[in-house]
Amino acid sequence: MHTIPDFMTAQHRHCDDSFIAAESAVSAKKWPEADSQWAIFTTDLEIHLQQEETILFPAFEQATGMTMGPTQVMRAEHAQMRQLVAEMTQQLSVQNKDLFLGLSETLMILMQQHNMKEEQMLYPMTQAHLPDADAVLQQVKAYS
Amino acid sequence: MNLAGLDFDNIPPFSVPMRFFFVAPVFAFISALIIAVAGESMWLTRWHPATLAVTHAIVLGVISMIMCGAILQLLPVLAGKSLPKVKLISTLTVILMAAGTLSLIRAFLANMLVLGLDSSNSNFFFAVSGISFTLGLGGFICAILWLIRQRSQASVSINTMRLGFIAMLVVGIIASLLLAGYLFASQFNITKQLTDSHASWGLIGWISLVIIGVSFQVLPMFHVAPAFPRWCSRYLPGFLFITLLIYTLMTLVITQLTVIDSIVIESIVDSAVWQFIQTICIGLLQLSLMVYAVTAMHCLYRRKRKISDASVTCWFIALTCLFLCCAISLVMSLVMSLDMGLMNNSVTSVEALLFNLGWSPLTLASIFIYGWILSVIMAMIIKIVPFLAYLHLQRQCGFHLQAFALLPNMHELLSKSRMQYLLYSHVFSLFALCMTLYSPQNYWLLSLAIIGQFGYLLFLMIKVSSRYRHITSAIDEALLS
Ligand SMILES: [Fe+2]
Ligand SMILES: [Fe+2]
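In order, the protein sequences belong to chains A and B. When you line the first sequence up against our numbering, it's residues 1 to 144, in that order. When you line the second sequence up against our numbering, it's residues 1001 to 1481, in that order.
One chain only, chain A, in its complex shape (with noise of 0.2 Å):
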């Protein structure tokens, strides 16, 4: 957990725990615990991508220059994130098992391609050209 790359993909794995949780016990339709599993996921990806988008972003940003490549993109998938994840919370407090496992495959494959491009791209990159990856390393875990 030394390095930008290292940490935030385990935020990711992490995310996809609670998630895969949640969606499982939807589909067994086990709401109590599908509605705990849930929380544990929204206030997770929440505190993720405030992370990246007031932190990582604006150091990857003023360090390469590029205010509106690549993290502009991102910025415009956490947003797409947000919709579907607020439109899930309403068919979970409804119990549509249906309409939520359809939207759960589309987050799923939204968020999994973003990550990719993250862990990938992005995050090698950011720890590559910030001069002090170790400081806002240090800023991102104090972020909660």
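Among the hints, erroneous ones may be present.
Here are the computed lysine-lysine pairs in the DSS-like style, where the Cα-Cα straight-line distance is at most 25 Å [what the hints assert, rightly or not]:
hint	chain 1	residue 1	chain 2	residue 2
1	A	K97	A	K30
2	B	K1306	A	K29
3	A	K97	B	K1085
4	B	K1081	A	K97
5	A	K29	B	K1463
6	B	K1304	A	K30
Simulated DEER-style distance windows between Cβ atoms [stated by the list, open to error]:
hint	chain 1	residue 1	chain 2	residue 2	range
7	B	R1469	A	D132	47 to 53 Å
8	A	D6	B	K1306	23 to 29 Å
9	A	T89	B	L1135	52 to 58 Å
10	B	Q1420	A	A86	44 to 50 Å
11	A	D132	B	K1306	38 to 44 Å
12	A	D35	B	S1015	39 to 45 Å
13	A	K97	B	T1472	26 to 32 Å
14	B	V1331	A	K97	44 to 50 Å
15	B	Y1235	A	H14	27 to 33 Å
16	A	E33	B	L1135	56 to 62 Å
17	B	D1476	A	D132	43 to 49 Å
Covered, in the sense of this in silico footprint (three residues per stretch, anywhere, with C-beta under 8 Å from a C-beta of chain B), are these stretches of chain A [what the hints assert, rightly or not]:
hint	segment
18	22 to 32
19	50 to 64
20	102 to 116
Rather than coming from a laboratory, the hints here were simulated on the basis of the structure. Ideal placement from N, C-alpha and C gives every residue a C-beta, glycine not left out.
Got chain A sorted already, so can you dock chain B with the ligands onto it with the hints?
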């Protein structure tokens, strides 16, 4: 690291991969037609003109076609790179590949009297197909290789796919040698022995390496499986590639020995040594593919997302077929080399038993192509098509959240039950293929099954595309208002 090349936003339009995907079923229909017309005789030997025509129609017209479309789409996500002028390049590639495959089929079929084709101009069609593939597929692969010319340690997927692309170029070179041998009445005399190398580079080098490379990325992504162990993703593809290379060099040495028939080389090393090294290479290829199959199954089995999914089933079928193919041929070659050494009767009976069960090089190739490769293609295409449609619609919305509300979810684009039906139709085709291999009189069942499977695939793709177009215009309206 090259920052300027990083381009998340520039993914090719939905129509770009789809034009490759839409052409593929046409070649499946053509194969089914040839199977129906050729009847039982084509199942007796792999050198039958119809067998060669069908193999190339499936491998080039269906499999390579779909792979090229998928590669174009995966590169921006995997490498952050995309081709310039992608619409033009992809259209040219599709047209040239389709023309090349059609003329190749026509050239092979020229020798079949049943069809009443003029056999005198088959040379012409071979030449046309050679030129089309060099320009179409060759040009396409070179462009992609140029795009990913920078090596990066991070992406094992891209590194593996790069080896697959280089293998495709080797397939092309060997194919040109074969073609030259055919057109100029084999002045080179390397034809038949090189056919096995040609097939190995095509099926193991090009197709399997690209699939393996993609699987390193796609299995963890679509199914939340653990990453492949490092030894597998780092070193196995390179090992496969080098083993293939040594195997082909040995073939060349052996053919050159017989051609030159000089004492120069023969006096230094006995030709049996070359043959031995070649056999070892084949064994190593089979073993490494088996190792890959087991590793991939293990990863997939430990996937976190256990929700039922037709594409996971397809992957398991594919990997099982790959393992069985390699295991049985490994046993066969062990038995045969033992047989030569010992002249043991009991060993011969095992061999005879396998042959009686219909196990031959033709069976091996058929199961490898339809069971391993096409199962993966099915697993990928039912994930990729709705995913792409969604990805593009989502891009179109940008930050506009009212437009975002118009987006369908993945199940609305392609329902789970339809994916399941496609899986059943694929399994049925596989079953019909086994029936036909066992007893060729069932060929009509296989022909119908292929038409059914790819007809249904075509229907599903048309459905998703029309849905896509419909929603695109709805989003456009929302963005304007
Ligand atoms: Fe992100
Ligand atoms: Fe992230």
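Hint check results:
1. A:K97 - A:K30: It holds: about 10 Å lies between the C-alpha atoms, which stays within 25 Å.
2. B:K1306 - A:K29: 15 Å, holds
3. A:K97 - B:K1085: 44 Å, violated
4. B:K1081 - A:K97: 38 Å, violated
5. A:K29 - B:K1463: Outside the cut-off at roughly 31 Å; violated.
6. B:K1304 - A:K30: 18 Å, holds
7. B:R1469 - A:D132: 47 to 53 Å: Holds: the Cβ-Cβ distance is about 49 Å, inside 47 to 53 Å.
8. A:D6 - B:K1306: 23 to 29 Å: 27 Å, holds
9. A:T89 - B:L1135: 52 to 58 Å: 53 Å, holds
10. B:Q1420 - A:A86: 44 to 50 Å: With Cβ atoms ~30 Å apart, the hint is violated.
11. A:D132 - B:K1306: 38 to 44 Å: The hint (38 to 44 Å, Cβ to Cβ) holds, given that D132 of chain A and K1306 of chain B are roughly 42 Å apart.
12. A:D35 - B:S1015: 39 to 45 Å: Hint holds: Cβ distance 42 Å, inside 39 to 45 Å.
13. A:K97 - B:T1472: 26 to 32 Å: 29 Å, holds
14. B:V1331 - A:K97: 44 to 50 Å: With Cβ atoms ~48 Å apart, the hint holds.
15. B:Y1235 - A:H14: 27 to 33 Å: 29 Å, holds
16. A:E33 - B:L1135: 56 to 62 Å: Holds, since E33 of chain A and L1135 of chain B (Cβ atoms, about 58 Å apart) stay within the stated range.
17. B:D1476 - A:D132: 43 to 49 Å: 45 Å, holds
18. 22 to 32: With 3 residues closer than 8 Å to chain B, the segment 22 to 32 of chain A meets the three-residue bar; holds.
19. 50 to 64: violated (count 1)
20. 102 to 116: Satisfied; 10 residues make the cut.
The structure shown violates the earlier hints numbered 3, 4, 5, 10, 19.
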